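Trainee: So the chains spell out like this:
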Amino acid sequence: MKKIPIIMDCDPGHDDALALLWALSEPEKLELRAVTIVAGNQTLEKTTRNALRVLTFAGANHVPVAMGADHPLMRPSIFEEGVTEMVHGQSGLDGPAMPDPGFAPVELSALQLLIKTIEESQEKITLVPTGPLTNIAALFLVRPDLKGKIERISLMGGGAYTGNWTPAAEYNIFVDPEAASIVFNSGVPIIMAGLDVTHQAYITREENEQLRQKGGRIAVFAAELIDFFSRYHYEVEKLPGCTIHDACAVAYLCHPEIFTGKQCHVDIELAGSLTAGTTVCDPVDYEGKEKNATVLYGVDREKFSELFIQAMSKLDQ
Amino acid sequence: MAKIPLIIDCDPGHDDAIALMLAASASDLFDIKAVTTVGGAQSVDKTYYNARRVLAAIGLDVPVARGAAQPMVRKALGGTEIVHGQSGLDGPALPEPEGEPCPLTAFELLCQVLEEVEEPVTICPTGPMTNMGILLAVRPDLKKKIKQFSIMGGGFYMGNWTAAAEFNILADPEAAKILFDSGIPIIMSGLDVTHKAYVTREENEVLRQNGNRCSVLAAELIDYFSRYHYEVEKLPGCTLHDPCAVAYLLAPEIFSGKPCHVEIDVDGTYTLGKTVVDWFGHTGKEKNVLVLYDVNRPAFVKLLTEQLARLR
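So the protein lines, in turn, are chains A and B. So for the first sequence, the numbering used here puts the first residue at 1; every next one is plus one. So for the second sequence, the numbering used here puts the first residue at 1001; every next one is plus one.
Pair by pair, the computed Cβ-Cβ distance ranges are:
1. B:G1078 to A:K238: 40 to 48 Å
2. B:E1108 to A:E80: 55 to 63 Å
3. A:V284 to B:D1223: 18 to 26 Å
4. B:G1281 to A:N185: 28 to 36 Å
5. B:T1283 to A:E290: 29 to 37 Å
6. A:K116 to B:G1281: 42 to 50 Å
7. A:D316 to B:K1258: 40 to 48 Å
8. B:K1143 to A:E80: 37 to 45 Å
9. B:G1183 to A:A97: 48 to 56 Å
10. B:D1223 to A:M86: 53 to 61 Å
11. B:G1281 to A:E80: 20 to 28 Å
12. B:P1095 to A:T204: 58 to 66 Å
Hints are computed from structural coordinates only; laboratory data are not their basis. Model, not experiment: these values are computed from the prediction. All residues carry an ideal CB built from backbone N, CA and C; glycine is no exception.
Assemble the whole structure, with the sequences as input and the hints as a guide.
Mentor: Right, here's the structure in full:
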């Protein structure tokens, strides 16, 4: 199989960290060309430091990392108010012990690194955004000509049936709805791993113990990330396990066969006082608009969990 | 056991007609005080006429009044012919209305019934909420005479008129907002549950084989109505939206619901008319609605089939 060249655009964040590790664990399928950082789960300084620490810990110092947007395109930041600490902690990646970063971000901005990586690539690039879509929107605003060199966008964000930050909106879209609107209207094919599927992609306590018992340093690290992250899922959201949202955007690229999805038109609501940031999905096609996204609706959960544990323990070998 | 005093506010409409039949079939449980009609599935002149024709077919003698012709603030949606036909109730032959038309408007009849009753009334709105919005806005003193609303409207996981909004709410979002913000307990049969309350072709034949006039009429209504479900919506059967609001009162045990805070979007570009359901309790606001999300479908079909057999 031909490798898929990807750029991950993220805001680590526990599930971003697990998504990065999963991407690194399947080098026969994915080639991680660059990592660009956005503010989201925490401030840009913190999410950048977290990405560097995770990549250092995984021995991936060769991957270029660039700092991107520190605030949404138009709206005020919500991540500087300390509101995300209940999910990801003070550092944005609380829980396990980690080394300090073993390398620095490149001298380029995220926008410059995106442009450079896409321009230099022989093949079309797949983008994997797992935070607010500010950097990707900036790319499309500044260099719309590069859309043709993007194969597709496999993103974590949104949700047809519910939100997780407001009743109607998921966090990544809610933070920067205008950016999301630019991306969803870009014409580039989108695979949307929203809450419809990520709420099904959970790891139970028993499965996390199986992961820990693999014993390797990455496996234990991943299990400890889940220990911290899952507290919010169990205590606040009353979910049946740790929902590793962002990992779905990577897992889909490696194992599309375990997911089910539907081609839909998706609009991003910008105006509604109750609904700003909602991904308005039209699976029945009532509105007859162009189908701009594949909305993932289901996943074989047990297979997902098995593949996740396998991916984490593979990095220890 | 004392009967439940009931008002049905509707826009017949195939599924409204079956909801009326279901309510009439349970004369041991319901004391139907009035039927009020609203523009929606068709103009209010047509829905009023249709309601009277359906009641003539059932042989149910209750006051029927014509209500709002237009939404409270917006223009009527239109475009419903593909679902309900030109008459709003295309398909089977129906008798002409019996008796004299009610001299009262829906608003007047609602006020009269609510002023007279001792025990608070349950209201089933199965069309746009305009009559309810007007009532609650103009006569808030009568809220204490309303025990609960069991409505058909909205939906948590999707819409059916736009991607985000269900028809009854979208048709008059401001009226729906007044109802949802009223403080009166609400049971919401939205698309989450009504898309699970369907009748297959085989089950419709069983209903028809009841042989009584009303069962055959219901089967013929389903014949017509289901074409939209099969051909446009690609659903597995005829979805009996409105009867859910009545069936819940008859057999709450076959439904599953979750108390949630629900608000109506009135200013979204793409989400206008959406029932914004706080499923996970993110807002911490008062749980004003029992959101029905599942039904034991075989039990629902059995209930419908058995109840309609009791009519003439």
